[in-house]
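> Spelled out, the chains give:
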Amino acid sequence: GAVVSQHPSRVICKSGTSVKIECRSLDFQATTMFWYRQFPKQSLMLMATSNEGSKATYEQGVEKDKFLINHASLTLSTLTVTSAHPEDSSFYICSARGRGYTFGSGTRLTVV
Amino acid sequence: QKEVEQNSGPLSVPEGAIASLNCTYSDRGSQSFFWYRQYSGKSPELIMSIYSNGDKEDGRFTAQLNKASQYVSLLIRDSQPSDSATYLCAVKRQGGSEKLVFGKGMKLTVNP
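Chains A and B, in that order, give the protein sequences.
Take the first sequence: its position 98, counted from the start at 1, is 98 in the numbering used here, and no numbers get skipped.
Take the second sequence: its position 20, counted from the start at 1, is 20 in the numbering used here, and no numbers get skipped.
Just so you know, these hints were derived from the structure itself, not from any lab.
Nothing false has been slipped in among the hints.
DEER-style ranges, computed between Cβ atoms:
#, chain 1, residue 1, chain 2, residue 2, range
1, B, Leu46, A, Gln42, 15 to 25 Å
2, A, Gly16, B, Ala68, 49 to 59 Å
3, B, Ala68, A, Ala72, 40 to 50 Å
4, B, Ser20, A, Met45, 24 to 34 Å
5, B, Gly96, A, Ala72, 21 to 31 Å
6, A, Asp65, B, Lys2, 27 to 37 Å
7, A, Pro86, B, Ala68, 39 to 49 Å
Stretch by stretch, here's where chain A covers chain B in the computed footprint (C-beta under 8 Å, at least three residues):
#, segment
8, 45-51
9, 98-109
Small disclaimer: the values here were computed from a predicted structure and weren't measured.
In this text, a Cβ means the ideal position worked out from N, Cα and C, and glycines have one as well.
Based on the provided sequences and hints, a complete structural model is requested.
Structure representation (structure tokens):
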């Protein structure tokens, strides 16, 4: 079946630093990948849609200069949280569009 | 009206009972419908997808779609404590966008 690998699973970083999260589709090509953020006891919030080889489409209210998304190949998308602050602490999840929609295992980001 | 609405719950059922989860959507032209299960601290995993009116069964799970009434439901028969999770309804709208719109989720607890 379709597998999406997301790394790291957990990361703690200092305020002001940047963190990169990788999302790979292991056994299929994903022309479209999605990045979500989820706060405790809340539903998924779509941050952006990324298409291979083109600029990501960000949802309203999401700062594109803070959340940099790169989709350089059909199997890899990255999300970089730049100049992270404690309020960026959240659970970040990617999803890849193949035959269906497959989610990565998520990244728990804690900014201290 | 929200695009995808689920009763926020929580829903509690005894072991062995049928759990019924409901979802309504506003875009009449929506084509694809999904139910995801999310355990606490984990990413969503696909339970069922349904695309045409009627019932679709997979083991203890049955998805029901009624496009005229714009609702989709998930029935879980013989509920088990391991079914305790948050269930997310997701809809792909008509048009070119591949993104899914999620409901807020319904927390289900199955009591032994």
